[in-house]
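Chemist: Below are the chains, spelled out letter by letter.
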Amino acid sequence: MVRAKISRLSDSEPGERFRIAKLDINDDIMKRRLLDLGFVPGCEVAVLQKSPLGDPTAYRVCNTTIALRKEESDHIYGERIYDGNE
Amino acid sequence: MAMNEYTIALAGNPNTGKSTLFNVLTGLRQHTGNWPGKTVVHAEGFFTYNNNRYRMIDLPGTYSLYSNSADEEVARDFIIFEKPDITIVVLDATALERNLNLALQVLEMTSNVIVCVNLMDEAKKKGIRIDTKKLAATLGVPVIPISARNKEGIDTLLKTIDSMVLGKIKTNPITVRYSPEIEQCIEKLIPRVKEVIGDAYPARWVALRLLDGDMSLLRAFQQQPLPSVKEVSIYACHGPAKSI
Amino acid sequence: MHATVPQNRFEELMNEARALTPADTREQIVAAIFRTSQAICNETVTYTNQAKQYETEKLDRIFTSKLWGFPIMLVMLAVVIYITVAGANIPSSMLASFFGWVEGYLTLFFQAIHAPDWLYGLLVLGLYRGTAWVVSVMLPPMAIFFPIFALLENYGYLPRVAFNMDRLFKKAGAHGKQSLTMAMGFGCNAAAVMSTRIIESPRERMLAILTNNFVPCNGRWPTLILLSSLFMAASYTGGWKTFVTASVVVAMVLFGIVVTLTVSWVLSKTALRGIPTHYTLELPPYRRPKIWDTILRATLDKSIYVLKRAIVVAAPAGVITWVLGNIHIGDTTILAYLANWLDPFAKALGLDGYILMAFILGLPANEIVLPILLMGYLSTGSLTEVDGLRSLKQIFVDHGWTWLTALNMMLFSLLHYPCGTTLVNIYKETKSKKWTFVAFALPTSIAIAVTFFTAQLAKWFGIV
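Chains as they are written, first to last, in the numbering used here: chain A, 1 to 86; chain B, 1 to 244; chain C, 1 to 464.
One thing to keep in mind: the hints can contain errors.
Claimed, not checked - Below are the BS3-like pairs computed for lysine-lysine, each with C-alpha atoms no more than 30 Å apart in a straight line:
#  : chain 1 : residue 1 : chain 2 : residue 2
1  : B       : 194       : B       : 124
2  : B       : 125       : C       : 290
3  : A       : 22        : B       : 133
4  : A       : 50        : C       : 393
5  : C       : 290       : B       : 133
6  : B       : 125       : C       : 171
7  : C       : 170       : A       : 70
8  : C       : 290       : A       : 22
9  : C       : 171       : A       : 70
10 : C       : 66        : A       : 70
11 : B       : 134       : C       : 52
12 : C       : 170       : A       : 50
Please keep in mind that the hints were generated in silico from the structure rather than gathered at the bench.
No experiment lies behind these values; they were computed from the predicted model shown.
For reference, chain A alone in the conformation it holds in the complex (with noise of 0.2 Å):
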C-alpha cells in the first residue's frame, strides 16, 4: 500500500469511492455510532453528493444512505479508489 495516498473522507468529491483505514476521533460516543453506522476500518465507501449548502454530504455505507457534516469527515482518513485502480 502507498502511504502517500492517505487522505481525508471530506476531501473526496461526490462520484468518488473511498476505503476507510482508521478513525481518528476521540469522541467515544461519536466514534462508536460512526462505527455502527458502517464506517468501520476495511469498509468502502460511495459519495454521494453533497448538500444545497455545500454541507453534510451524503454518503452510501452498506448499502444505507448517511450523512455526515465535515466536522465528523476530516477525521475519517482513508484511500480514494479510483476505477481501474481495484
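Use these hints to put chains B and C onto chain A, whose structure you have.
Modeler: Leaving out everything else, chains B and C in the frame of chain A:
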C-alpha cells in the same frame, strides 16, 4: 384454562418498519409512556395467540446496543435485565448488512431470538434476493421473511412465537469470533466474570463489554439486583460455536 | 432473594479487564461484527438488479441538488398549504351550516322546555356555538393537512429537508434535527416539544424547545389562512385568491423560520453557549407509502387527537367568554371593560384591545382566539352565526380593521407565547420553571417588538 403471559421485546434499526409490525400485531391495544427516569418513549402493546397472552415492548429503534445513547441503554438494559421470553429483531431486507450487526449483538445477549426480515416486497422490487433458510441456519435462530405493511408473513411469525414459548424450538445462536488477541482476553475474563456476577448474565457478553470499557453497563449493574443463583443462564455460549 | 453486585468487586473486574485490553479494542470488536455480517450477506443475499437499488440516489440528486433542493422544498410547502386552503373551504362551510341547522332544533327544544334565558345562553350560545365553530373551522384543514404531511413523512422526504437545511442550523448553533421537530410543529407544537427528544444534546434540545413555537401550529393555521384571504387576497377572485392566500401564509411560515434561526443563533451565543454537537443523519430510501393506511393512521392518531383536545378546551372557553360578555359592570360588559383597558397598549402594536384580550383568553388553545375575538366584537355577547366570509370581513372592518391590523394579528399569532398545553409539555420535558418562563416570555417579547415595529413603521410612512 388460564392464559400464560409472555413478554416479547421488539428490537431493530430505525426505518425498518418496526413500528409497522408492532401496530400490525397489537392493533389498538397499546399504550405509550416514558421509560422510568428517561426521556425515551416506552411503547407496549398486547395480543393473544393460541391461548397465550403476549406483552410486546417496542424498544427504541437503534443501530447498535453499545453507543451509550439513552435509547440504546434502554434497549440493552431491557434485553439483559428484564430477560424477555422472546426478542424479535426486525431487519431491513434492503440493507441487511448493517442491520445484521444489531441482530448479532442481540444474539450475544440471548438465545431466544426470532429474526424478522422485513420489507421483503421492497427488496424484491429492487432485485435483492435473500435466502432466509440459509440465513436461519447460519444465525442459528428462526428467520421469518415478512412484509409488515402488506401483512405478509405474520401468520408464520405468530406460529414461530407460539412454538418458541412452548419450547418446541431449539436455537443455537452463532458466536461472533473476534481477533485472537481479544478471544484470549475473553477466555481469561470469563471465569472471573462468573465469579463476580454469577451465572445470571451471559458471561462472554459481559467479558466483551468489560474489554470495551463500557462504563454505562457498570452503572447499570450497580443499580440492578442480581437474580438468585438458582436461575440458570439462558445463554448458550458454550454450545458448539459456528464460525464463518 | 436478590443480591446486588458488589460494587468494588465489579470495579476491580473492570480494572482487570482494562489492563488486558489492547488499544483499539472497540474498533476491533465492531470490525469483527461487521466482517461477520458481511460474510453472512455474501452467502445469503444476491443482487439481480443493481440499477433499481440506486433509484433513491437518483431521486436525491434532484431533491437535494444545489439547484433544485430549495425550490422543491418551497414548492412542497406551498402545495401542502394550497391544498389545505383550497380544500378546506367547502367542507368548512358545510359543517358550519350543519351545526347551524342543529342549533335551530336545540333552540326549539330549549323554548319547548321553557328554559331560562341564561341557561340557553350558556349552553347553546356559549358552549355549543363555541365548540361548533372550532370543529367547523379546524376539522377540515386538519383532516387535509395531517394526512398529506404523513404521506410526505412516510415517503421519506422529511430527512431530506433536514439534510438541505443542516448548514443553516449549524450556523445558528443548533442541531440539524431541529428541522424535523419544526416539521412536527406544523401539526402541533405540544407534540413537537415531545419530539425534541430525538436531539440528545441538552443545549441543542433546549434551543429546539424554545423556538418551536415560531412554527405555526394547527390551531393557528385557520387564523393565518382566514385573515390572509380576507385582507391580503381581497382584490383577487377564484384561483388567484387561493394562490395569493397561500403565498401570504407561506411567507409567514418562512418568516417564522427566519425568526427561529435568528433566535437560535442569539441564544447559542449567549444563554445557551456552545458548539453544535456531532451527529449523523440517515437518509432512508424513498418508499411509496400505503396511501389509505397512512391517511387512516394520520386521521386516528393526529386529527382526532388534536380535535378532541381543541373541543375539551374550546367548550369551557366558550362558556367563560359568554359569561364575560353577558355580565355587566355598570353598562359595559366585563369583556368590553377589559378590552378598553388593553386598548392603548394594543393600539401601539397595531392591534386593538379585543384582539389582545382574545389572545390572552386564548392561552389554553390557539384555536379559540378568533372565536373569542368575534364574540367580543358582537355586542350580543355570543358567537353569531357568520353566514359567509363577506359578513365576517364586514365585522372586522366595522371595528376599524385595515390590512395592517390583519398583518399584525397574523404576526402576533405566529410569534406569541405557546399555548397552555405546549407550556405544560415544556415544563414536563425541561423540569424547569425558569426555562418554561423563558419559553413564554421570549416569544411574547418578540411578538410585541415585531408588531410594534411594523405598526410604527407603517404610521411613520403614513401607509395606513
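Chemist: Hey, residue 50 (chain A) versus residue 393 (chain C), does the alpha-carbon distance stay inside 30 Å?
Modeler: 48 Å, violated
Chemist: Between residue 290 (chain C) and residue 133 (chain B), is the straight-line Cα distance small enough, at 30 Å or below?
Modeler: Answer holds: residue 290 (chain C) to residue 133 (chain B) is near 29 Å, not above 30 Å.
Chemist: Given the hinted pair residue 125 (chain B) and residue 290 (chain C), is their Cα-Cα distance within 30 Å?
Modeler: The given pair, whose Cα atoms are some 16 Å apart, holds under the 30 Å limit.
Chemist: Within a Cα-Cα threshold of 30 Å, do residue 290 (chain C) and residue 22 (chain A) meet the stated pairing?
Modeler: 42 Å, violated
Chemist: Going straight from one Cα to the other, do residue 170 (chain C) and residue 70 (chain A) come out at no more than 30 Å?
Modeler: 11 Å, holds
Chemist: Decide if the proposed pair is consistent with the structure: residue 134 (chain B) and residue 52 (chain C), CA atoms, cutoff 30 Å inclusive.
Modeler: Roughly 25 Å between the alpha carbons, so the hint for residue 134 (chain B) and residue 52 (chain C) holds.
Chemist: Residue 66 (chain C) and residue 70 (chain A) were given as a pair; does the straight-line alpha-carbon distance stay at or below 30 Å?
Modeler: Distance ~17 Å between residue 66 (chain C) and residue 70 (chain A) Cα, so the pair holds.
Chemist: Next pair to validate is residue 194 (chain B) with residue 124 (chain B); report whether the Cα-Cα distance is within 30 Å.
Modeler: Outside the cut-off at roughly 46 Å; violated.
Chemist: Need the status of pair residue 125 (chain B), residue 171 (chain C): alpha-carbon distance at most 30 Å?
Modeler: 40 Å, violated
Chemist: Can the restraint linking residue 22 (chain A) and residue 133 (chain B) be considered satisfied, given a maximum Cα separation of 30 Å?
Modeler: With a Cα-Cα distance of about 36 Å, the restraint between residue 22 (chain A) and residue 133 (chain B) is violated, given a limit of 30 Å.
Chemist: Between residue 170 (chain C) and residue 50 (chain A), does the CA-CA distance stay at or below 30 Å?
Modeler: Status holds; Cα separation ~15 Å.
Chemist: Just to be careful, I want the Cα atoms of residue 171 (chain C) and residue 70 (chain A) compared with a cutoff of 30 Å; is the pair within it?
Modeler: 13 Å, holds
When each numbered hint is compared with the structure, violations occur for hints 1, 3, 4, 6, 8.
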